[in-house]
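*Asks:* Let the sequences and hints guide you as you build the complete structure.
Going down the list, the sequences are from chains A and B.
If you read the first sequence in our numbering, its first letter stands for residue 1, the second for the next number, and so on.
If you read the second sequence in our numbering, its first letter stands for residue 1001, the second for the next number, and so on.
Mixed in with the good hints, there may be bad ones.
Unchecked claim - Calculated lysine-lysine pairs in the DSS-like style (CA-CA distance at most 30 angstroms, straight line):
no., chain 1, residue 1, chain 2, residue 2
1, A, 54, A, 134
2, A, 193, B, 1158
3, B, 1155, A, 183
4, B, 1155, A, 193
5, B, 1026, B, 1096
6, B, 1096, A, 193
As the list claims (entries may be wrong) - These stretches of chain A come out as covered by chain B in the derived footprint (C-beta under 8 angstroms, 3 or more residues):
no., segment
7, 10 to 22
8, 87 to 101
9, 167 to 180
Bear in mind the hints are in silico, worked out from the structure with no lab data behind them.
A quick note: this is a predicted structure, and the numbers were derived from the prediction, not measured.
Where is the CB? At the ideal position from N, CA and C, for every residue including glycine.
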Amino acid sequence: MGNHLFYFVIRVLLWLPIMFLLWYYLQTPINAVVALMVEQLTLFFSPDIFTAIKSTGRQLEIVTQLIINLEQSEQQGYLVFMINPMIYGFGLPFFIAIILAIPEAIDINLPHIALSVMIILLSQLWGIIFDIYKSVIFVFHSNIGDVLILNTFQTSLFAYAYQMGSLIFPVVIPVVLWLWVGKEFWQQWSAIKL
Amino acid sequence: MIRFFLLFIGIQTSLFFIEMLLPVQKAIIIPFTESLATISGYLIQLFDQQIIVNGIILRSLDNGFAVSIQSGCNGVEAVIILISGILAFPASIRYKAIGVIAGTCAIQAINLLRIISLYYLGQWNTTAFEWAHLYLWQVLVMLDALIVFLIWIYKIPKPTLVVEQNG
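*Replies:* Written as structure tokens, this is what we have:
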């Protein structure tokens, strides 16, 4: 069994760079889809704040209706800022690499993999959307004032949701999903069967 | 299996929530992160004296480049997921304790490697640093947690079969 674990690790380390390279070069079409979904969600929840979410290749451009006063100038403009969606989406190549590292002899449920990929994409959307709201509520607060009227609890909830989306979901969700999808593989190593 | 996953997710969620509380950050996480910086600085000084450590910041005296160890770079998330997996898995308390202690050490050893490598990578190439920092090392540390968990369940002693004799 020790050999099986060793070969599994080797396969993961071989698949990781391949999956990451593929993911990197497919970022433009992936981001186009992500931008569309983020736009629909932000316009649904806050149509008076956001105007459009555009994909600029590997970044998202967030166009708002919020007036921002430029420092040391009487000029005003609409707040537009950039988000890097990749920092919320790298769980996808990671998940696919650790799935592909499972030997072919093990039966893997393809619908489970498809569902897992959807969950990872949803977690990416979560991270992006709360990053956008974090920017509007906290980062640009001194320039645009209070955009949303939130009490202390709601503010803490936004901060918590952002931290979940940025620190935890991208790395934790792929591992949890792999333990679920690959249970026939890793359970064989344990003397205790679940 | 369902029981394992319910426990796994429940323990994780609780530990992540506790970890994010401000009093826990002040009392445990920040001091822990500072100790990581201190240890990283000490290890670097074994072969490179041109470094200074201040709180969570490691700075090069050669070129002023600095790295700051923030949340997400202190390995706490990987440790939490490992602890959750171990606690959710049916095994003796003694064996779980061994797994938690040894696993935490293994993850933090990889994390020290991450900090030191990023410190030098950032001085060499910004693009490489960003890739390693934002994506690669995040994955490798979590992969380490997964491998530690797999080794732990592989090493779990087989349950002892007790045979009762009648008459």
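*Asks:* Each of the hints needs a verdict: does it hold here or not?
*Replies:* Consistency of the hints with the structure:
1. Note on residue 54 (chain A) and residue 134 (chain A): the hinted pairing holds, with a Cα-Cα distance of about 18 angstroms set against a maximum of 30 angstroms.
2. Only pairs whose Cα atoms come within 30 angstroms are accepted, and residue 193 (chain A) paired with residue 1158 (chain B) is accepted, the gap being roughly 10 angstroms.
3. The suggested pairing of residue 1155 (chain B) with residue 183 (chain A) holds, with an alpha-carbon distance near 17 angstroms, which does not exceed 30 angstroms.
4. Proposed proximity of residue 1155 (chain B) and residue 193 (chain A) is supported: the alpha carbons are some 13 angstroms apart, at most 30 angstroms.
5. Pair hint residue 1026 (chain B) plus residue 1096 (chain B) holds up; C-alpha atoms about 27 angstroms apart against a cutoff of 30 angstroms.
6. Our distance criterion of 30 angstroms between C-alpha atoms is met by residue 1096 (chain B) and residue 193 (chain A), whose separation comes to about 16 angstroms.
7. Chain B is given as covering the segment 10 to 22 of chain A, and this holds because 3 residues of the stretch bring a CB closer than 8 angstroms to a CB of that chain, at least three being needed.
8. Here's how the segment 87 to 101 of chain A fares: 4 of its residues keep a CB closer than 8 angstroms to some CB of chain B, so the rule of at least three is met and the hint holds.
9. Coverage of a stretch by a chain is defined here by at least three residues with a beta carbon nearer than 8 angstroms to that chain's beta carbons; for the segment 167 to 180 of chain A and chain B the count is 11, and the condition holds.
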